[in-house]
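Chains as they are written, first to last, in the working numbering: chain A, -1 to 168; chain B, -1 to 168.
One or more of the hints may lead you astray.
Heads up, the list lumps identical chains together, so a pair's fine if it works in one copy or across two of them.
[Claimed, not checked] Listed below are the simulated PhoX-like cross-link pairs for lysine-lysine, each with C-alpha atoms no more than 20 Å apart in a straight line:
1. K47 - K9
2. K52 - K0
3. K83 - K55
4. K25 - K166
5. K166 - K9
6. K55 - K9
7. K83 - K47
8. K166 - K55
9. K47 - K166
10. K25 - K52
11. K9 - K83
12. K47 - K25
13. K25 - K83
14. K69 - K83
15. K66 - K52
16. K69 - K47
17. K55 - K25
Because the hints were derived from the structure by calculation, they are not lab data.
2 protein chains.
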Amino acid sequence: MKYGIAIFPGKELQDLANSYRKRYDPKYALIPPHITLVGEFNADNDEIKAISDKLQKVASHYHSIAIKVLKISTFQPVNNVIYLKIEQNSNLEDLHTEIINTIGVTHEHPFIPHVTLGQQLSNDEHLDLYSSLRMRTFSHEETADRFHLLYELENGSWTVFETFRLGKDE
Amino acid sequence: MKYGIAIFPGKELQDLANSYRKRYDPKYALIPPHITLVGEFNADNDEIKAISDKLQKVASHYHSIAIKVLKISTFQPVNNVIYLKIEQNSNLEDLHTEIINTIGVTHEHPFIPHVTLGQQLSNDEHLDLYSSLRMRTFSHEETADRFHLLYELENGSWTVFETFRLGKDE
Chain A
-1 MKYGIAIFPG KELQDLANSY RKRYDPKYAL IPPHITLVGE FNADNDEIKA
49 ISDKLQKVAS HYHSIAIKVL KISTFQPVNN VIYLKIEQNS NLEDLHTEII
99 NTIGVTHEHP FIPHVTLGQQ LSNDEHLDLY SSLRMRTFSH EETADRFHLL
149 YELENGSWTV FETFRLGKDE
Chain B
-1 MKYGIAIFPG KELQDLANSY RKRYDPKYAL IPPHITLVGE FNADNDEIKA
49 ISDKLQKVAS HYHSIAIKVL KISTFQPVNN VIYLKIEQNS NLEDLHTEII
99 NTIGVTHEHP FIPHVTLGQQ LSNDEHLDLY SSLRMRTFSH EETADRFHLL
149 YELENGSWTV FETFRLGKDE
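Required output: the full structure, derived from the provided sequences and hints.
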């Protein structure tokens, strides 16, 4: 089964992201707005139990993660994705690295924490959206105290399998 | 904020439900297939923390819940909802009652555990779907070991706030 790991920001930031995603993100209906910690990885039922236990241990090493949005950005020219950039911080970076090492997946890209607003945009759409959004001020701060392990259904949507609360060790 | 409590059945049952929901359930994109334990209830940030702690206690009283599907059914004439009927069992009933009492919401309806396949159907659609599905055999058994607390976004979609694993007490 295909799994992924993500942080869901608070309702306010999710509602903001969805106001753009509705029009600009073909994956709008498949998953709520999120910060990806690990993209897709495969695991069978036994493996995921072991991974799940290890993730709970990882979660216990952190108390909270600052989520700070200052601006929008784009992955162009790599791809036409426009996103809210989450300010990198050592906690978030360490959490990501520890999770990656725990699962044993390899970094394909550098970790750029973000909440997608639009993707699979044509060049014209990308230009329009980016031009209008870069003039706007985005300023938002919150604290995450949990992350989630999700799995993918056949229709491409994601269901939460487990929540890991930071600072808890069962 | 609006919260709800649900069990997500395994991927196989979710995929089956989605194959009908895609066409017959206008809420298809808003939440994965689920068994509702508590419909919408309101709570503020402080309240939900207390509720969350209490739900973890409730979860610790159970080890697993049998999820057994034998047939489809309908809520007609109350409303045109067609669903996979989950066989009632004392664990599931007790879990539901304990959660309801913990949160302090009142029963509006008797608890009929189910996974919705179609809703808001016209009478014709309802008749068509029900006639074709009642001829099919549905037979599925699995064991749930967790339930989820979710909150609603402005667009009507639901995000998981927390997972409660049965048999665990933190």
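How the hints compare with the structure:
In this assembly of identical chains, K47 and K9 lie within 20 Å of each other by CA distance solely across copies; the values are 16 Å between and 29 Å within a copy. Taking CA atoms no more than 20 Å apart as the test, K52 paired with K0 passes inside one copy only; the shortest distance there is 18 Å, against 32 Å between copies. For a Cα distance limit of 20 Å, the shortest separation of K83 from K55 qualifies neither inside one copy, at 28 Å, nor across copies, at 38 Å. Within a single copy, K25 and K166 get their C-alpha atoms no closer than 32 Å, and across copies no closer than 34 Å, so neither meets the 20 Å cut-off.
In this assembly of identical chains, K166 and K9 lie within 20 Å of each other by CA distance neither inside one copy nor across copies; the values are 23 Å within and 28 Å between. Taking CA atoms no more than 20 Å apart as the test, K55 paired with K9 passes in neither setting, with 27 Å inside one copy and 26 Å between copies. In this homomeric assembly, K83 and K47 never come within 20 Å of each other (Cα to Cα): the closest approach is 32 Å inside a single copy and 29 Å across copies. When the C-alpha separation of K166 and K55 is checked against a cutoff of 20 Å, the pair qualifies both within a copy, at 8 Å, and between copies, at 15 Å.
Taking the shortest Cα distances, K47 and K166 sit within 20 Å of each other both inside one copy (18 Å) and across copies (15 Å). In this homomeric assembly, K25 and K52 never come within 20 Å of each other (Cα to Cα): the closest approach is 29 Å inside a single copy and 35 Å across copies. In this homomeric assembly, K9 and K83 come within 20 Å of each other (Cα to Cα) only inside a single copy, at 17 Å, whereas the closest approach across copies is 32 Å. Neither within a single protomer nor between protomers do K47 and K25 lie at most 20 Å apart by alpha-carbon distance, with minima of 28 Å and 31 Å respectively.
Proximity of K25 and K83 under a CA criterion of 20 Å is satisfied intra-copy only: 18 Å inside one chain copy versus 30 Å between copies. For a Cα distance limit of 20 Å, the shortest separation of K69 from K83 inside one copy, 6 Å, qualifies, whereas the shortest one across copies, 48 Å, does not. Within a single copy, K66 and K52 get their C-alpha atoms no closer than 27 Å, and across copies no closer than 31 Å, so neither meets the 20 Å cut-off. Taking the closest pair of Cα atoms, K69 and K47 never come within 20 Å of each other, the shortest separation being 38 Å inside a single copy and 31 Å across copies.
In this assembly of identical chains, K55 and K25 lie within 20 Å of each other by CA distance neither inside one copy nor across copies; the values are 31 Å within and 36 Å between.
Hint compliance for this structure: hints 3, 4, 5, 6, 7, 10, 12, 15, 16 and 17 are not met, and every other hint is.
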